[in-house]
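Trainee: Sequence:
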Amino acid sequence: MKSLLIILIIVCVMFTGLISCKKPEDIAVEVLYTSGEKDETLGQAMKNASRDLRRLSRSIENRDWVEIEMWTKELKEGIGYSCVELYMKEHRGVSSEFVVMGSRFFDAVRNLILLCKEHNAETIDAEFNRLLTTCDDCHEIYKEEEELPLSLRDDL
Numbered sequence: 133m134k135s136l137l138i139i140l141i142i143v144c145v146m147f148t149g150l151i152s153c154k155k156p157e158d159i160a161v162e163v164l165y166t167s168g169e170k171d172e173t174l175g176q177a178m179k180n181a182s183r184d185l186r187r188l189s190r191s192i193e194n195r196d197w198v199e200i201e202m203w204t205k206e207l208k209e210g211i212g213y214s215c216v217e218l219y220m221k222e223h224r225g226v227s228s229e230f231v232v233m234g235s236r237f238f239d240a241v242r243n244l245i246l247l248c249k250e251h252n253a254e255t256i257d258a259e260f261n262r263l264l265t266t267c268d269d270c271h272e273i274y275k276e277e278e279e280l281p282l283s284l285r286d287d288l
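Residue numbers in the sequence shown follow the working numbering, run continuously in steps of one, and reach 288 at the last position.
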């Protein structure tokens, strides 16, 4: 009889605890950007992407696989998302050629990350040059004249 009473009390306490629990509140999600603050203009975004490209170039020269992967991902975020979004915002009605060039860029980035994970020193230079070619091809058509040319030799 005592054990039945104890079990009944435990069940009542557990049941009351479950019912009295408050519903979880909505959690506010804050968007954080890996490159600091989100770029406000296309010029700022391209400047940051140029910096990341120089850092990636240096990492490839040193065969620093961790940094290669990190800077490739930064470049993917910087050019692939910020620059493309800002360009599309500033220039309504982009052509399908712009989308195709973006796809080539993402393919080159994806291949570079795969080669980095495999530590494939033989072909990483060729893939990096392919990535640079996608940048040059896009800039040849879409880059505005007043901006400075892309250079890998500038100091960080």
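Calculated from the structure, these hints are not laboratory results.
Be aware that a few hints might be false.
[To be verified] 30 Å max Cα-Cα, derived DSBU-like pairs, lysine-lysine:
#1 Lys205 - Lys179
#2 Lys134 - Lys221
#3 Lys249 - Lys205
#4 Lys208 - Lys179
#5 Lys221 - Lys208
#6 Lys134 - Lys208
#7 Lys221 - Lys249
#8 Lys275 - Lys134
#9 Lys205 - Lys221
#10 Lys179 - Lys221
#11 Lys179 - Lys134
#12 Lys134 - Lys205
The structure presented is a predicted model; accordingly, all values stated were derived computationally and were not measured.
Trainee: Each hint should be assessed against the structure and marked as holding or not.
Mentor: Right, here's what the structure says about each hint:
Between Lys205 and Lys179 the CA atoms are separated by roughly 16 Å; this keeps the pair inside 30 Å, and the hint holds. Restraint check for Lys134 and Lys221: the C-alpha separation of about 74 Å exceeds 30 Å, so the hint is violated. Distance restraint check for Lys249 and Lys205: the Cα-Cα separation of roughly 13 Å lies within the 30 Å cut-off, and the hinted pair is therefore satisfied. Taken as a hint, the Lys208 and Lys179 pair is honoured in the structure, with Cα atoms around 14 Å apart against an allowance of 30 Å.
A C-alpha spacing of about 18 Å is found between Lys221 and Lys208, which places the hinted pair at or below 30 Å, so the restraint holds. For the given pair, Lys134 sits about 68 Å from Lys208 by alpha-carbon distance, which is inconsistent with the 30 Å threshold. The suggested pairing of Lys221 with Lys249 is violated, with an alpha-carbon distance near 34 Å, which exceeds 30 Å. A C-alpha spacing of about 84 Å is found between Lys275 and Lys134, which places the hinted pair above 30 Å, so the restraint is violated.
Distance check on the hinted pair: Lys205 and Lys221 sit about 23 Å apart at the alpha-carbon level, within 30 Å; holds. Between Lys179 and Lys221 the CA atoms are separated by roughly 18 Å; this keeps the pair inside 30 Å, and the hint holds. Pair hint Lys179 plus Lys134 does not hold up; C-alpha atoms about 76 Å apart against a cutoff of 30 Å. Our distance criterion of 30 Å between C-alpha atoms is broken by Lys134 and Lys205, whose separation comes to about 65 Å.
Checked against the numbered hints listed earlier, the structure breaks hints 2, 6, 7, 8, 11 and 12; every other hint is satisfied.
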